[in-house]
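Number of protein chains: 2
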Amino acid sequence: AILSAIEAFFADGPLKGRHAIVTSGPTHEPIDPVRYLANRSSGKQGHAIAAALAALGARVTLVSGPVNVPDPAGVNVVRVDTAREMRDAVQAALPADIAVCAAAVADWRVEEAGQKIKKDGSGQPPALRLTENPDILAEISAPGPQRPKLVIGFAAETEKLAEHAAAKRARKGCDWLVANDVGGTGIMGGDENEILLLTESGTEAWDKMDKTALAQKLAARIGEFFA
Amino acid sequence: AILSAIEAFFADGPLKGRHAIVTSGPTHEPIDPVRYLANRSSGKQGHAIAAALAALGARVTLVSGPVNVPDPAGVNVVRVDTAREMRDAVQAALPADIAVCAAAVADWRVEEAGQKIKKDGSGQPPALRLTENPDILAEISAPGPQRPKLVIGFAAETEKLAEHAAAKRARKGCDWLVANDVGGTGIMGGDENEILLLTESGTEAWDKMDKTALAQKLAARIGEFFA
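Those sequence lines, one after another, are chains V and R. Note that the numbering used here has the first sequence beginning at 21, numbered continuously upward. Note that the numbering used here has the second sequence beginning at 21, numbered continuously upward.
Just chain V, same shape as in the assembly (with noise of 0.2 Å):
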């Protein structure tokens, strides 16, 4: 890994001189010192993606959730297992140029993660309070002078890919989306992936293709807009 890290430093790719932060995997809510909420990212997509801009030049900083795929080489790893460690770790990570929002980020957590929760008795189940986590891509995306000049959004969908995607492309402020369709298919912890990428320009869908053959092709495109 270090010679890999050695190697990237002196490529000669596309992406030279650019750092690059990429989240990836799902995040781990926990409800009690026992129980979490979780969800099915498996971070191969995320990794992928950060290995193939590596391979182009970039210095990497991959921030993962809890996963159990192989750390790609000559990438910076930053572990973390909630979504405020991962909006933590993101910004502590900052300055960059590229950031990749990879990872499936809990929308909620638990309120408050106490003792483990019992059965009372009462034949009631335990109403589990949520409460809203950060928006790890609506605050990288928000102007500043911190904002990284390439902002790429994930969505995940079940339903009404394009039309969800377009909308929450807008709500979060971000450049660029990859929307995928997870509903009942393999993606979600498969090999493969097929997605919509919107951009400014439009809305283009690609052939279904493994999730390291879609990284290259989404880091060569990221190599042409810093060209």
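I should point out that these hints are in silico values taken from the structure, not numbers from a laboratory. Take the hints with a grain of salt, since some may be wrong.
Copies of the same chain look alike in the list, so a pair counts if it works inside one copy or between any two.
As the list claims (entries may be wrong) - Simulated pairs of lysine-lysine, PhoX-like, Cα-Cα distance not exceeding 25 Å:
1) Lys36 - Lys138
2) Lys169 - Lys237
3) Lys237 - Lys188
4) Lys139 - Lys180
5) Lys136 - Lys228
6) Lys139 - Lys188
7) Lys136 - Lys231
8) Lys136 - Lys188
9) Lys231 - Lys139
10) Lys136 - Lys180
11) Lys180 - Lys138
12) Lys228 - Lys180
13) Lys138 - Lys188
14) Lys237 - Lys36
15) Lys169 - Lys36
16) Lys188 - Lys169
17) Lys139 - Lys228
18) Lys231 - Lys36
Starting from the structure of chain V, add chain R where the hints point.
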């Protein structure tokens, strides 16, 4: 694994001819197509018990939630995700002489898992309506022609260990109860365990030991029970 199974079949241990059902790992309860409720059980303890029982000659059915530990040799593994699937797999594996319910089964699931839950713009987080899961330990402990001769439950507590464990043993109707304190320490997911064993003849505090050693000690006790 096949060779080990054959060895176990011909092994002349104290549990030869006995069938044991062991549950292990967490359950995952879907909230929507991408999110789920989980817990920090690794399956290490349950899988080690399955292996230890097989080593004493038992025929073992291991019903396992989603884990990252390898299948023990010589054991029939049935994989499940949810508490309801685990209950069905346990029922399907009966009759048995021994049931060791080591899994951390979710007490509750979300009432209806439909489309992906989205922020609705109201700023109000959604309510997760929970409903009780089947109580696998209580069901298998209930008197009846299918009840295993020895039913062993597990209790993961974060406070008042002995008191909560005794109450759980009485409430569930199991014969023995293995209780551990999972608050703060690294027991859930870790390699060591420190337990209280509650049996018909009282409560024993076992020294802290690694999960494999604990499994072997428990299996030996089960062997004595059937001697």
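Query raised in the report: Of the hints stated earlier, which fail here?
Result: Going through the list in order, the structure violates hints 1, 9, 17 and respects the others.
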